[in-house]
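Fit chain to chain and form the complex, with the hints in mind.
Residue numbers (our numbering), protein chains in the order written: chain A, -8 to 108; chain B, 162 to 278.
Hint data in this document are derived by calculation from the structure and do not stem from the laboratory.
Some clues are possibly wrong.
Just a few of them, taken from the derived set where beta-carbon distance is under 7 angstroms, the chain B residues facing chain A [stated by the list, open to error]:
no., residue
1, Pro200
2, Leu204
3, Phe252
4, Gly270
Stretches of chain A that chain B covers, calculated by requiring three or more beta carbons in the stretch to come under 8 angstroms of a beta carbon on chain B [as the list claims (entries may be wrong)]:
no., segment
5, 33 to 40
6, 97 to 105
No experiment lies behind these values; they were computed from the predicted model shown.
Beta carbons are placed, not taken as given, at the ideal position from N, Cα and C, and that holds for glycine.
Now for the letters of each chain:
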Amino acid sequence: AQSVAQPEDQVNVAEGNPLTVKCTYSVSGNPYLFWYVQYPNRGLQFLLKYITGDNLVKGSYGFEAEFNKSQTSFHLKKPSALVSDSALYFCAVRDIGAASGTYKYIFGTGTRLKVLA
Amino acid sequence: NAGVMQNPRHLVRRRGQEARLRCSPMKGHSHVYWYRQLPEEGLKFMVYLQKENIIDESGMPKERFSAEFPKEGPSILRIQQVVRGDSAAYFCASSPTTGTLGGTEAFFGQGTRLTVV
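Bound-form chain B, shown alone (with noise of 0.2 angstroms):
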């Protein structure tokens, strides 16, 4: 059972550019989170979907970022011109339904590093 897997590993991206990181949840997980970490800081969380729906964008930044889980494929989180400061880690996690339980831990990727010029 491959453990959730993110791509690229790397991006690098000119201001203005757009951003496109993929999340392929572990098999049988149906929650995807995406957290962001900046240099010598904490995870930072920013979005929670099952498939074909936000659960929660309360860390979301208003503009530039989206976020989707399709019914089919990888999660998506999108930066539109993107600028120098979301340069950062950005992770996945996924986790599995449990019901209203939601006693099992999360699964991260390795992550995605994004670095704007």
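Excised from the complex, chain A in its bound form (with noise of 0.2 angstroms):
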């Protein structure tokens, strides 16, 4: 079965500092990866995903995420973070059905994410 896995249960970063929440993956084939973020009392948002191609995907609100294959990673990154960008974030992945066509989200433990003023 397909897994993500985030080993961080919380970063902390100054305001206009860069931030990296990690993510690693376990799956058989291709990956195909996902980030959300949660805020308070809300639903998950989608932020961006990696099906193929380049390996630096960019996203929604100046968040981009790099796949490297060989460290089976999908770190999600941003250059500047904002006080705005606390929040939940999940890493997911794709775990294929058993039927053709079926296919389910397997989402990873979360890490939270402070931007300090």
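Structure follows, in structure tokens:
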């Protein structure tokens, strides 16, 4: 089965500094990877995804993620953090189902990002 | 195009009562997923449905929990004889049919916060 791991429960970064939220994956076959953000008392919002192609994926709100096949990683990055980026971030992988055309999304445990003013 | 709609947003039930959570997927989406999020924890996959079919219910507790996605109407997650441990946020997500590719992201609702008293 596919899985993702987010090794950090929390990441603190000063406003204006670059941020990285880590994610590693374990898949059989080609990985389809996603990042989501969750603000308090809200649902998850999609940020970006890697399906194929360029290893550097750009997404919403200035976020980007780098796919690294050799390290099986898909770290989320942003060059300059904002206080408003403080939220819970989830990495996810698509898990292929038994029947053709079926799949589900498996999420990591989440990383809480705190951007300090 | 309205997003994924979940209702109610908040639900309070006494121990032993039934909880019914509803989810209307985005227009044109035929895949529905239910996830549970406990306080300070990640998202746990519960069940994956297509119209009139349960595709994967490997994350559903064996007793008291059931889900359906009828031909007409919303998907329903039903919890019978609720206990305090069922208190959590329940999120529904939907995605379109993309054949075997599955490279699209899932879109989430705002969640239903169930409190069992």
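Tell me, in ascending order, the numbers of any earlier hints that this structure violates. 1
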